[in-house]
Amino acid sequence: MTASDTLAVQAEGVRKSYGRFEALRGIDLEVARGQVTCLIGPSGSGKSTFLRCINHLEKVTAGRLSVEGELVGYRQHGGKLYELRDKEVCAKRAKIGMVFQRFNLFPHMTALENVALGPIRVKHESKSAAEERARKLLDRVGLADKLAGYPSQLSGGQQQRIAIARALAMEPSLMLFDEPTSALDPELVGDVLDVMRSLAEDGMTMIVVTHEMGFAREVADSLIFMDEGVVVESGQPREMLANPKNERTRSFLAKVL
Amino acid sequence: MTTSEPAGAQGARPTGGGITAVPVRHTGRWVAGAIVVLLAAMLVHTLAYSSTYRYGVHTPRYQWNVIGQYFTARPVLLGLEITIELTVLAMAIGVFLGIAFAVMRLSTNPLVSSASWLYIWFFRGTPVLVQVIFWNFIAYLYPKLTLGIPFGPAFLHFSANTLVTPFVAGVIALGLNEGAYMAEIVRAGILSVDEGQTEAAHALGMTHGQTLRRIVLPQAMRVIIPPTGNETISMLKTSSLVSVISVAELLFSVELIYARTYQIVPMLMVACIWYLIVTTILSIGQYYLERHFAKGVLRELPPTPYQRLRKRVAVFNLRQENTILQIDSLGRPGPGLP
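In the order they appear, the protein sequences are chains A and B. Okay, so the first sequence: first residue is 1 according to our numbering, each after it adds one. Okay, so the second sequence: first residue is 1 according to our numbering, each after it adds one.
Isolated chain B, as found in the complex:
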């Protein structure tokens, strides 16, 4: 360093690892922030105070008292339970069929792979609402279901009407439809795994089945999980379609109530709030599942919301103390800090 350096540059020199500088002013950010706050205030206002004026009386339009009254009503909770059951069962069938049909689709046997193609073609190509109604009327085509040798003797007989209740029809319809979509998701996942992985597993002497189970599928999960989470959330709401075949799920339950009380909007709000709550829980689950399957691919796992909060608090505290920022992404203080 020479002494001819201008004195003004002294302040910009790093001192002890930190940099003292005047930050850039972000006017645009402030304006955008103000607009968001304004819109949020309008939303809160309309939700709370929107009202009709009739016969000299103000009646709130959203009727929050009605929403509160029915929110945990027994029929609503029973409907919620059935919605969750439908979602879980249909997704379980969907994932199982999805893996099976994805593996079939990638088979070298042309009959097997075209059978899978046909299944996907049919169930993706027809509206799920039609499929739901169709399964409900399955007894029209097959009044008697039998278990036995094809074209040979039968051992067991069932009446389709007693076996395929509306709930069962709903589960079958949603599950089979989901299977077609999941098959494409799983197939994309399997194809995303590098060919070298299969070769390395084969070179170790692992069979096709072992390679799929131990090497390919665990890695495909990283690609499969996000769209599957999406599908689950979508399924939660698609399950409301089975209300047309009188399955008493969440939507059908609130429909029954407002058919009696005419409080259509508040009851639909009850259903929507429940759908939102379950969706939120599913999203949290998805986040942790994705984090689990990122193991080994990311050098460091993304922080959990709790770890992120800890980091924010730690950064804030250190700012207050005007100390050098040395905190890792998990919110733990770095070396040289108390």
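The shape of chain A in the complex, shown without the other chains:
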């Protein structure tokens, strides 16, 4: 067993540019299976861009990025890279769950339909089996009584928990969270964080872009501080939050803590 076999995500010199603007300028990081990694940093530092590269919502411009030992978006064969077809990209994305800042629930579907959609359409499960599991997942996130509710009838916190259930319904091996609590009223943040905490306890591999330093301190196994498209500092959350080594980390934490 080599080191890369235990890695969920491995990034080497990952770059991403939009025209002349470079959002990511060489990211190197590793996320081990079963670990929770929190990405922090000022807005525009490239945290979300990096997260979106992991499931190929954004195309990497340079460097190597792999999930579960396989390259994202490409196949390597005889020293050459081949771009993946739409179907192949979809098959890989199906194993990665993603939760968005603005929930992005499908407004024309009920909570139950939102959660059951992926298993039915992507994994081709039977409707009854998919809905049965969707019911269990909604129960797990504490929304067993909202099955028939449409997103517009639910609070932000409830919508985000449905979004988490929707991602979990695909039985992913990796969960990506893009500022999952940033669009929520303060009193609703706790419910969402509780669900994420219980996921972490179950051993889910998670990468969380967040501004919730309390969550990072208590739940994360490692903390990464990004600024201007590079990883500035990474380490144990408690230690890093208590005495950051880098000057930029220190000034950022001084503002948010």
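Treat the hints as calculated values from the structure; they're not laboratory data. Quick reminder that beta carbons are idealized off the backbone N, C-alpha and C, glycines included. Hints should not be assumed to be uniformly reliable.
No farther apart than 16 angstroms at their CA atoms in a straight line, the calculated lysine to aspartate or glutamate pairs in the EDC-like style are these [stated by the list, open to error]: (1) A:K59 <-> A:E88; (2) A:K92 <-> A:E113; (3) A:K92 <-> B:E199; (4) B:K295 <-> A:E113; (5) A:K95 <-> A:E171; (6) A:K59 <-> B:E199; (7) A:K127 <-> A:E113; (8) A:K255 <-> A:E218; (9) A:K255 <-> A:D221.
Label-pair ranges, simulated between beta-carbon atoms [to be verified]: (10) B:S107 <-> A:S182: 28 to 36 angstroms; (11) B:G125 <-> A:D139: 16 to 24 angstroms; (12) A:D139 <-> B:R291: 28 to 36 angstroms; (13) B:S107 <-> A:K136: 51 to 59 angstroms; (14) B:L145 <-> A:E171: 48 to 56 angstroms; (15) B:T126 <-> A:E171: 49 to 57 angstroms; (16) A:E228 <-> B:S107: 34 to 42 angstroms.
Mind docking chain B on chain A? Use the hints.
Coordinates of chain B only, in the frame set by chain A:
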């Protein structure tokens, strides 16, 4: 509460949830209402009693008896049927082409998107009447239509004159023209759907096709339906243009009759009343379609006309009983009411 409060304010206090107050008088509303009633009376009067006086005889101008006589005449009903067929077929082609060209227009392939742009440019840029006449004379350009390999052998031959009858020419012309307008409507609908929806669908592992079919189009429908209803109603009347290539639709049918009887105005009234009736039916259909696609966007669906009527009746009854108004928008009595 202190006892120093003036006694006059007692009446304005809410008692048991209701408020007793003298309502504001809306003089303007009464005047406007009276004017509308007066104009309506004039309209009814002119429709019923407008007449010419010649040779000592009053002849009604609108000739309602003639209208009644021809209203359900066989040629008129056959014309109506063809008008509806034209509308349905042309709209079906229009919607299909509209979706196809809208998706093409949004394609990342520059050749595909400019082909769509060219189509829309051409069919929106030329008068539909000219297009109708053009398709009718298609045999002049292509007397023989063949099915086969491009620049290679042909398997089937058709004579354009037998294949493209005036009715077919009309359907093709109206459908292709409509496709250009529908493409813009569908494109606006697709663009109105939040980008996050596509991302969420992709993140679940759905393909481009699945995302379009399951996520984007159902939400785009809310934006697409109202103008499409408008287009359908417009198409019903635009279909009368094919009367110039002798398709026996509603207008052409009444034209044939008044060419013989010289009862031009009553026959045009017959056609107009039928157009109004079909338009009314289409509007009702549109209302329910819009209501269906509002699902999940509005917290509560707008009431159907029947539900609204029930509410009015319920409100009226309660007013009579002088009870507190507690009725929801669907006309069901609220809690605490019998």
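Status of each hint after checking the structure:
Between A:K59 and A:E88, the direct Cα distance comes to roughly 15 angstroms. Compliance with the 16 angstroms bound is thereby established for this hinted pair. About 22 angstroms separates the Cα atoms of A:K92 and A:E113, which puts this hinted pair outside 16 angstroms; it is violated. Distance hint between A:K92 and B:E199 is fulfilled; the C-alpha atoms sit about 15 angstroms from each other, no more than 16 angstroms. A C-alpha spacing of about 13 angstroms is found between B:K295 and A:E113, which places the hinted pair at or below 16 angstroms, so the restraint holds.
Under the criterion of a C-alpha separation no larger than 16 angstroms, the hint pairing A:K95 with A:E171 is consistent with the structure, at around 7 angstroms. At roughly 14 angstroms between alpha-carbon atoms, A:K59 and B:E199 fall within 16 angstroms of each other, so this suggested pair holds. A hinted pair counts as satisfied when its Cα atoms are at most 16 angstroms apart, and A:K127 with A:E113 qualifies at roughly 10 angstroms. With a C-alpha separation of about 20 angstroms, the suggested pair A:K255 and A:E218 falls outside the 16 angstroms cut-off, and the hint is violated.
With a C-alpha separation of about 23 angstroms, the suggested pairing of A:K255 with A:D221 is violated against the 16 angstroms cut-off. Against the hinted window of 28 to 36 angstroms, the Cβ-Cβ separation of B:S107 and A:S182 comes to about 34 angstroms, which satisfies the hint. Taken as a hint, the range 16 to 24 angstroms is violated for the pair B:G125 and A:D139, whose Cβ atoms sit roughly 58 angstroms apart. Checking the proposed 28 to 36 angstroms range against A:D139 and B:R291 shows it holds: the Cβ atoms sit about 32 angstroms from each other.
A hinted range of 51 to 59 angstroms for the beta carbons of B:S107 and A:K136 is inconsistent with their spacing of about 41 angstroms. At about 55 angstroms, the CB distance of B:L145 to A:E171 agrees with the hint of 48 to 56 angstroms. Distance hint for B:T126 and A:E171: a CB-CB separation of about 56 angstroms, consistent with the stated range 49 to 57 angstroms. For the pair A:E228 and B:S107, the beta carbons lie near 35 angstroms from each other, so the given range of 34 to 42 angstroms is met.
Figure legend: structure checked against the earlier numbered hints; hints not met, in rising order: 2, 8, 9, 11 and 13.
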